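Work out the full structure, taking the sequences as your base and the hints as a guide.
As you go down the protein sequences, you meet chains W and D in turn.
Numbered by the working numbering, the letters in the first sequence go through residues 1 to 113 in order.
Numbered by the working numbering, the letters in the second sequence go through residues 114 to 226 in order.
A couple of the hints might just be wrong.
Within a straight-line C-alpha distance of at most 16 Å, the following computed EDC-like cross-link-like pairs (lysine to aspartate or glutamate) qualify [stated by the list, open to error]: (1) Lys62/W - Asp86/W; (2) Lys44/W - Glu57/W; (3) Lys155/D - Asp86/W; (4) Lys44/W - Asp86/W; (5) Lys155/D - Glu40/W.
With the C-beta cut set under 10 Å, the calculated list includes, among others, these residues of chain W facing chain D [unchecked claim]: (6) Pro8; (7) Arg9; (8) Tyr35; (9) Phe65; (10) Ala89; (11) Cys92; (12) Ser95; (13) Gly107.
FYI, nobody ran anything at the bench for these hints, they're computed from the structure.
This structure is a prediction, so every number in the text was calculated from the model and none was measured.
Where a beta carbon is used, it is the ideal one built from N, C-alpha and C, also for glycine.
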Amino acid sequence: NAGVMQNPRHLVRRRGQEARLRCSPMKGHSHVYWYRQLPEEGLKFMVYLQKENIIDESGMPKERFSAEFPKEGPSILRIQQVVRGDSAAYFCASSPLGFTEAFFGQGTRLTVV
Amino acid sequence: GESVGLHLPTLSVQEGDNSIINCAYSNSASDYFIWYKQESGKGPQFIIDIRSNMDKRQGQRVTVLLNKTVKHLSLQIAATQPGDSAVYFCAENMEAAGNKLTFGGGTRVLVKP
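Here it is in structure tokens:
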């Protein structure tokens, strides 16, 4: 059983471009969480999704950021018109229904130049 | 000894000694408290958790203590090994909030051979 898979591991974008980050949860996991981590800081919650539903997006900026978890395929975190301040590591975690332990992927490190 | 670095507090410990990492939390309504280990370039890895109605839980070489009176959590690592060098984060979990995690600021542990 593969762990949580995130790709790409590293992503470089120029200011104004779009960044698409993908997360495939562990098999059988229906809950996906996205977190952002700045260097030397803890992870900050962004959004919580279940299949085809956004449950909690209270940690996600209102503009330029969106997330989805379609019925088929990976969860996608999309950042439009990236700015230098978006440079960070973005982690995805998944868990099965009713389970408190979340399993994290290796993250996508976004660098905006 | 323990020192405050530029960003993350750092705990330097001799190999074979015991380590104690401390964390203050803010939300007395949290249901679970979890310790994660994060190695450089990797995602957080679950170590141990403790439910809010407990005050101590032991795992393999690790013990978590919870003091709800002063909102304090600690992680004790017995016989610290070089592989324990990492950044350690505590996190709070509220089931009513969909199990999203609120992370603390982290402590870097450096194990000296």
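Hints and how they fare:
no.	hint	verdict
1	Lys62/W - Asp86/W	14 Å, holds
2	Lys44/W - Glu57/W	12 Å, holds
3	Lys155/D - Asp86/W	19 Å, violated
4	Lys44/W - Asp86/W	13 Å, holds
5	Lys155/D - Glu40/W	13 Å, holds
6	Pro8	14 Å, violated
7	Arg9	9 Å, holds
8	Tyr35	8 Å, holds
9	Phe65	16 Å, violated
10	Ala89	9 Å, holds
11	Cys92	8 Å, holds
12	Ser95	7 Å, holds
13	Gly107	5 Å, holds
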